[in-house]
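*Asks:* Chain residues, written in single-letter form:
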Amino acid sequence: MIVAEQKDIAEIIPMTEGYQNILVIGCDTCVTVCLAGGAKEVAILACSLRLAARARGKKVQVDEISIERQCEKEFVDSLQSTVRGHDLLISMGCGIGVQTIAEQFPNLAVVPALNTKLLGLPERQGVWVERCQACGQCILDKTGGICPISRCSKSLLNGPCGGSQNGKCEINKEIDCGWHLIYERLKSLGRLGCLEEIMPAKDWSRSRNGGPRKVIREDMCL
Amino acid sequence: MVGLGFQQALEQNQFVITVELAPPKGTDVSRMLACAERLKGRVHGINVTDNQSAVMRLGSLAACHLLKERGFDPIYQITCRDRNRLALESDLLSAAVLGIRNVLVLTGDHPTAGDHPEAKAVYDLDSTQLLQVITRLNQGRDLSSRSSGGKPLVNGATLAGGTNLFAGAVVNPEANPLEPQIWRFFQKVAAGARFFQTQAVYDLERFDQFMGYARELGAKILAGVLLVRSAAAARYVNEHVPGVVVPERVVKELEPSANPLEAGIRMAGQQIRHLRERCDGVHIMAIGLEEHIPAVLDEAGI
Ligand code: SF4
Ligand code: SF4
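From first to last, the protein sequence lines are chains C and D.
Residue numbers for the first sequence follow this note's numbering, beginning at 31 and rising by one.
Residue numbers for the second sequence follow this note's numbering, beginning at 278 and rising by one.
Simulated from the structure, these hints should not be mistaken for laboratory data.
Where is the CB? At the ideal position from N, CA and C, for every residue including glycine.
Among the hints, a few may not be true.
[As the list claims (entries may be wrong)] Part of the chain C face toward chain D, derived, beta carbon under 10 angstroms: (1) S194; (2) I201; (3) I212; (4) K217.
[Stated by the list, open to error] Taking lysine-lysine pairs in the DSS-like style, the calculated list, with each CA pair at most 25 angstroms apart, reads: (5) K203(C) / K397(D); (6) K103(C) / K172(C); (7) K529(D) / K203(C); (8) K397(D) / K37(C); (9) K147(C) / K529(D); (10) K198(C) / K397(D); (11) K88(C) / K37(C).
[To be verified] Cβ-Cβ distance ranges computed for the label pairs, FRET-style: (12) E153(C) / E346(D): 52 to 60 angstroms; (13) N202(C) / G489(D): 32 to 40 angstroms; (14) P524(D) / R221(C): 33 to 41 angstroms; (15) G220(C) / E493(D): 16 to 24 angstroms; (16) M31(C) / R492(D): 47 to 55 angstroms; (17) V374(D) / P44(C): 50 to 58 angstroms; (18) G336(D) / R86(C): 48 to 56 angstroms; (19) S78(C) / L363(D): 46 to 54 angstroms; (20) S218(C) / G489(D): 23 to 31 angstroms; (21) S78(C) / E532(D): 51 to 59 angstroms; (22) G489(D) / G220(C): 22 to 30 angstroms; (23) G336(D) / S108(C): 54 to 62 angstroms.
Please take these sequences and the hints and turn them into a complete structure.
*Replies:* Here it is, written out as structure tokens:
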């Protein structure tokens, strides 16, 4: 899932400056699960914005809605009638949600209420951790199913580095060393021999460094 | 009195002494050069750090050049943290034309440890891959995957003149656990590392165990010796320098001393005596106390 967290209200309020009719839009998918931008968070943010407007003696209308998925045009299109009369849309979706809304409503201002953080999973109640950076060329087959790109602080392909100590990463004793985990896992799988092979320099052009990416399935195109 | 250069001395099985100097944070190189002058004739090579601990400083390559001009044999430290493969290869060619032959390849401490923690970390290559790159440059080829005309290249482009670099790497015999480091060590030897400078060595029993592996591979090992000025400095190193752990017994020995720097010098000298029979040389890291390296060498009887 995509994990996000809400921006500080002090960062959101200035984004609303000069607007009178605001619609706060939640998303019922990933950001609901990570408690950042679902219907409940929409209600709280809308309420805070109303209070903040009142405190500054401003007359501002703040409405709320949440849709199933902000990252699909079909769902965002269902907002056509709801957005009417609003001059600012605040998306509580991930960065993709914000942009889908912006694309569907070219004449309306859209701002983000969340910081999109990572692709990961809930580790335990209230804690989400990163597991993938969408590098475009998955190598989990070579690393015992543990991703060195997202779990090693330096995204090393041949680790661990000299900073790994007692299974923890040099940048923070709270962070597990990704390469220590890989080593332990390969060991328990009886596949330490994998480490004999030096992994070649990664083709980062398949990642973000190749420019904006696109997936095309010719057979599915209409 | 040391007569030979770094590589020659290693190849002739002398006990090799290297020290580490950090370029200044700025353009005033006087202290760095003065420290180097005091080491003239006493060390085989001088390592120049590359934005050590991710703290921005004068470039390692320029500092190596200044040392080379003054008759020293510099060991150019190059990390993977700040430069992508284009810049790394290009800098290695630059080193070669400046007559700098010894290169120590490191991953590089993460930017969050340093003074520009907001910086984008590069790590386009890792240190093992960078060693492979040097092996290739030495063969007169680079890492490019296509020609300037766009044709795919399987084995890189042929350079108009290759390099003749003497590449080394780092290993941490005190890492806990040791086994993952040993795998990395094997990889680095396979990738072309011909000498190793280690992190600070304290536990001689563990070091002997490590040397068993090293001897099997025929790798030349220079054991790291750290000079610290006080117990507080040792604790600081433990907190802030990745991969270095000054054991509590050493910290305790520095603590009650009226002149902890003197005690530190004595301990470093003793450590060199212990290491003399065990490996191919020592690499002295004095972090800000470079003026005192000659005293450490006196203490070691070198
Ligand atoms: S290797 Fe790449 S695609 Fe696979 S999990 Fe890691 S970042 Fe994601
Ligand atoms: S300590 Fe481990 S996770 Fe951290 S940078 Fe080094 S190899 Fe990567």
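*Asks:* Need the list of violated hint numbers for this structure, in ascending order.
*Replies:* 6, 9
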